[in-house]
Amino acid sequence: MLSQNAIAYLIIIALGLPLVAGIFGLFGKNSKAFNTAVGIMNMLGAALGACGAGAFLFLQDRGLFLSSSAPLLDLARFFPFLPSHALSVDMLSAYFLLIVNVGFFLVSWFSIFYLPRESDRYRFPWLHIATALFVFGMQLTVVSGTPLIFLFAWEIMSFAAYFLVIADRSAESVKAGFSYAIMTQLGAACLIAGFALVSRGNMNALFLELPPVAGAAAVAGLILLIIGFAAKAGIFPFHEWLPAAHPQAPSSSSALMSGVMLKVALYGLLRVFETVAHFTLPLPVIFGFLALTLFTAFYGALMAAVESDLKRALAWSSVENMGIMFSMAGMVALFFALGGNGAAGAVWIALLVFAFCHMLFKSGLFMASGALISETHTRDLDLMGGLAKKWPVFSGMFLALCLCAAALPPAGTFYSEWIFMTTVASSIGAGAIIGLILTIVISVFALAAGLAAFAMVKIFAGAFLAKPRSDHAAHVGGLPLALYASPAVAGVLCVALGIFLPYFLRGVFPSAEGVMFSGSALMVGGTSFSPLTVVLSLMAAVAGVWILRSVFVSRRPRTTDTWDCGAPLTSRMEYTATAFAAPPRFFFHIFTLPLKKIISQPVSADNRWIVQKKLEHESRTIAEAFIYRPVARAIDGIAGRVKRLQSGVVQFYLALIFVALVVTLIVAL
Amino acid sequence: MYIILLVFAAAVTALLCLLMRSYRAVAVCALAGSLAVFVFALFTVAVWFGLLPGGYSALKFDGFGAVILTLIATVQLFAVSAGIPYLKAELEEGTITLSQVRWYGALIPLFVISMAVAVSANGLGLMWIALEATTLATTMLVAFYTKGGSLEAAWKYILVCSAGIAIGLIGILLLYYAVYLAGNGADVASVTWTGLLASAKTLPPAVVKLAFVFIFIGFGTKVGIVPMHTWLPDAHGRTPSPVSGMLSGVLLSVALLIIYRAKLVVDAVLGSSAWSDNFFIFFGALSVVVPVCFMIRQKNYKRLLAYSSIEHMGFAVFALGFGPAGVVFALIQIIGHALLKSALFFGTGNILLAYKSTKFEKVSAVARNLPRLAVLFTLALLMLLAVPPSPLFFSELGIFSLGFASHPYVSAIVLLALVIAAGSFFMNFMPMLFASHEHAQPLHQDKERWNAVHTVIAAALTLAAGFGIALLIGPGGQMISRIISIN
Amino acid sequence: MNMLISTVSTVLMLALAPLFIGCVRKFKAWLGNRRGAPVITPYRSLATLLRKEMTISEHASWVFRAAPYVVLSVAVLVAIFVPTVFASGSATGNLFLVSALLMVGAGALVMGGMDAASAFGGMGSSREMTIAMLTEPCLIVVIAALGSVTGLWNAGGVVQTLASAPWWFVHPFLVFTFAAFAMIVLAEGARYPVDNPTTHLELTMVHEAMVLEYSGPYLAMLEYASMLKFAVLALWAANLVVPYGILGAGAPLLSGVVVFVAKFIVVAFLTALLESMVAKMRFYRLQEYFTTAYLLAFFGLILSLIF
Amino acid sequence: MNPQLYRPLVDVLAGLMLVSGVFMLGRVRVRSLLRLFAAQSFALVLIAASGAVFEARWHLLITAGLVFAIKVVFLPLFMVTVMARGRVGERMTSSMRPALSMFIALAMVILGFYLTTSLIPTLGDNFFVAAVSISLALLGLLMLMTRKGLYGQIVGFLILENGIFTLGLALTGGMPLLVEVGVFFDVTIGAILMALLTYRVHGETRRADTENLETLID
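Chains as they are written, first to last, in numbering that gives the first Met the number 0: chain E, 0 to 668; chain V, 0 to 486; chain A, 0 to 306; chain Y, 0 to 217.
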């Protein structure tokens, strides 16, 4: 049994150690040994933090809504200059602290082996210090007890992430970093405004002591806060930066950003929903929120399905996942508004489980794709292929991670969505209008799930199956196991979380409402099933089939060519990831906005029929086409007009002063 | 007492600089003088805070002024230090001559004198003279490079600022007149800030209000309040970088301090701050929003920084509209801005020397070619964008928590403008610092050496960060509010 | 007892699946005025395949080899979970689980199809995955309708409840749902109008394109899995529409068997009838098909809410 | 002397200043402009001197002397010299024709009087001088705003300064001597600097107007 003090010390050490490691890393240049040392320090810190947070979670016996009581652990008392409870840990913070630290642990582990492979692209000191600040910011955000500290930590986190995005200092990264930065700024501005409105101007008030949300100003503040977190989480229409920025970072950092930072945005939202708003949001706000988040889930999945850049596709998948998590949060609020506390509790648990799983599989996927890209030297799925043959174990692990991302059994994500779907579907009978809304909710969820499955299959198939589509892919070397041990652990954890979900939930939420546990089974909305049984029966079925096959057939297969209709088969004939995604691109073209251009150039002068045709294909995004560009154009237009002020004519400048004087005299007196 | 020593030391420095025959001698003179000024300024402030024995009569401080004087002392020391390697490089390249360096060495102390006197003068007349003198002292610095653009900038600078300050003089005359009308035995011959505050109840409100309008618009020119800001980007963009740092960092604050004092007077006369607050909120918001339009597609990095100065000062003006708490945050804003913006301007000097252009498109991959500068410059940039632990983070947060409570819509617009401003920094500066373009490489590929500019930026960053952390953990904020409360 | 019947009926279903397909083909031949192959032909062809030597493409990886096992296991699991002969009240056949399993099966098949580097495989895979993706929302809404009407979330329980309710309780509201479900079954079973199970024309095949590179026992496994999946789903649909008389819902053993046989034949006939009447849709027109299915499912759910 | 003479005398002198101000707006040649300016400044000298004599505020005599020395004598001469050294042409460009600018000047005067009546109610006897000075300031501004020639702008600034100075005399009977000297010093330096800048601009661009000074427009 750990005492409260011990837990507090663990968490504080976990806060500080990455910073120490980062500063230490500043002196190492691109040295491998330094990198290892920094990685080990980070792992140590993360492990301690995870232990602290985990111990806190499992030792407390609290209600479902994690901070339904006062903060339980006051970290601020160790820092005399901070007001009491300005840093504090309650159940919600502890849960997300656990997520952050587990994610950071895995990523640090990975980067020990990964970064030396990329030493000619990145400067390690840069990465180390930015990562340190980034993680410090995330942890501090999660344990902050006042808006001031929250924003302080939030900004540190956001800007450190910026430097991870531009770490390779390419023009493309800087451009992506710009869209990240502007959206981050916008989000932070919304948070500042929101907290100012919600706290009535007292940024130093504890979250718990903020006045109840009442009146138009406070509701506006709440909406601004939601927008702020949505911007960080990549919710439509604030999502565009995410698929641009996350892939540009080194893969270990992408893993941190997608896997962990987005969880911090989610934490912010939940903190506000729970502690500030007490889930009492006006219905129109909930509906608007749900509409946007659900659309995000669908849209992210769609774009993940049609994207051919491996890391961008993963980032789009993150957009989808954040849409799912945010809409789950919206559903919690909706169920509370409808008085269905049990249902709200169940969705809350689904959400938290999903958050944990997403941290695992998304950081795992990014790390794995980092390992992959370090060998293939391309992010383009269309230039990969044939890797499953070269790296059977790695590809198996990648497939498992894809399974988690597609929310298929036996991964934890499946059970999260199962709890959610069952709860929502069980509540459909509550009334016609609500039923209609809930029906739409689960339809969109199902469509998003289908698209996500499509996307994941496409990613896996594009990267690993068939013949290699480029020289790099054809001549990849071996991948050492040490390099992908960390994502493998993430995958195993994600699956294990699914299989042993009832045990996990019993440990964290012993007295949950809405979800019950009996033995290995979960019970939701009057139905129950046991993840363990599902896995066992699946394994039994496969084993049975395998045994049967072995009994009936024992001849060894013969290796032949693929049927090639007589012409030698080349990799140019295969379906690429882009080709694979043609149907959704076509079916949903109003969302994918494909632009096709066929350029035909005559090859010879005397015969105009001999032409060389080239297909140029690009796709825009709806947010860019209908929101960002018009807004940018409007801002540019206004700026252009205002710029006439600086006409260069000194007489005009003097006239300005004169006019200002006269007008002020007239208005003010 | 010490302020007289300060003026004396600076004057001697100016004279000596003119007489020196070698660059090294001028540099030593300037640096020594600058150090002396710094020390005397600190003594002055210390006396005022009661830390040292001594007295003062014609020269007067309030808490605000003391802080500004400290800032002047600090920034001028930084600027002189940063200027030594900068001018040396330009001299070696033949861009300037030794006689120009001498003049430079002479004008800087004069500039410092005029600012110090403007801040500490109690008498309105003396203050006005000093303020006009700042313009005169800096005009030649703006015209330093004697090229077309510089002359144009200088012409606009002197004409617009002089006209503005002349309008401010009308305001001051009206204050004299108010005292004259009150006729309560107060000697018209010595209208002072303290005197005005003391006899505020007897002054005729109508005249004082009128005076305030003239002072606000007139001296607002010098602060760079929109729409009187037009001279500012030209002047700041054309001066040698160290001087740009001083102009941006402290000169604007000096003028703002004077407007703030006038506000205290008019508030005391009217018995409430409601009337004057509106000025600050309106013009402050305008001064934040308008420069942002120029920052978005700015081609010249020094001008971008100059517009950003307008925006930051505008934000401080905005803050002054929110009562005593607003003043605290405005002061934090001014301190942070003075340290960081001057540091950035010093940094642009090195970039200009390496790349020979102030255009964004001509500069790239600073991080590769000038790695040390790039690190410092980026840090300063971030802190200027209110990334914690920058003091600007706290001022921004504080100002908006006040602003949203009373003027939510205006605050929202201002906040949005700040976002776009930050975006313009990311859009323009980050590619210049980190990305690489073929046609935008430095003219010579020497390895970067650590010089005074780096030291100065690092020192400014340390000061700013330290101040920010002090604000976070408490004492900083309390100290500032205590300082403000002293009049 | 139930356990025993359940096991026996699952085994029965596993055994009868090829017969079902044989019946469909026979009926279809009759409807086309042909005599048709004997109904046990599918057994024969499966046996032939099992005996044959297996060739595997040199480009294929472990995924190619693993896919048949997963596909077949999933089909078997679905056969266990879904009430065909016997409606089990136990909680094993969770509806959402069934839908997820179908997706797992589809995914495995698709990857197997991609792996041999054949252009046909890739094309079929892309289409199959699209179909699976578009089926998902329809199926979930159908499930939601079934679950919210009966209050139960496992396949057997739903059928049991429907069987124990009077006919007027069930049918009016769920007619749309059943129609949607039938469309889903056709899509999942790779039948007309979504796919043509007999074609080997490059541009039209979906399922056949994916299994093009498989041979011998693996092909047997995949073919069998496909037959099993369709038979099971079709009979499940039949049991939803006419739940009465199914074993496990209070019916005596003998009548249960009789009813099952009747349903078996009728469903096979209806499938054949349908396939004789409609043409295969162009792949890019499938969005209309699935939109229709989704809207039917949606109306079914909404109607069940209103009434 | 008869104290009753003081008020009319000052009013007349102020009126002369105003008239000269309006006429200055119509001048196109630098020398004639400077002559008028010298005349206006001389009127100012007389106002200050009469203040000193009639109201026994003797320090105003020093002020008057300074004004005479600098504004009446030194600055015009200095500018003429600089102009001659720079070989700048006599004619100044303006953005409007002389007649029009004189009419606008008239409007400015009216505005000035209006502002003075409505804004500073308690002027009493000093009303006319105050109104004149406000109008002069406005005229100075107008000149700054309309002239393209650099010398015209300098003179505009000086007219503005004259107006303010007169206002100081009218409102407070003159500021403390030290302040006045200081203000004077500043103005003088300012004017000298402006003239030097003009000289340099002319050296650079061979023109002495602001047409070439309109490049910084970003």
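Do not take every clue at face value.
Under the rule of at most 27 Å between Cα atoms (straight-line distance), these lysine-lysine pairs were calculated in the DSS-like manner [claimed, not checked]: (1) E/Lys28 / V/Lys298; (2) V/Lys358 / V/Lys298; (3) V/Lys358 / E/Lys174; (4) E/Lys613 / E/Lys595; (5) V/Lys358 / E/Lys31.
Please keep in mind that the hints were generated in silico from the structure rather than gathered at the bench.
Here's how the hints hold up against the structure:
no., hint, verdict
1, E/Lys28 / V/Lys298, "violated (34 Å)"
2, V/Lys358 / V/Lys298, "holds (6 Å)"
3, V/Lys358 / E/Lys174, "holds (19 Å)"
4, E/Lys613 / E/Lys595, "holds (10 Å)"
5, V/Lys358 / E/Lys31, "violated (39 Å)"
Against the hints set out earlier in the document, violations occur for numbers 1 and 5.
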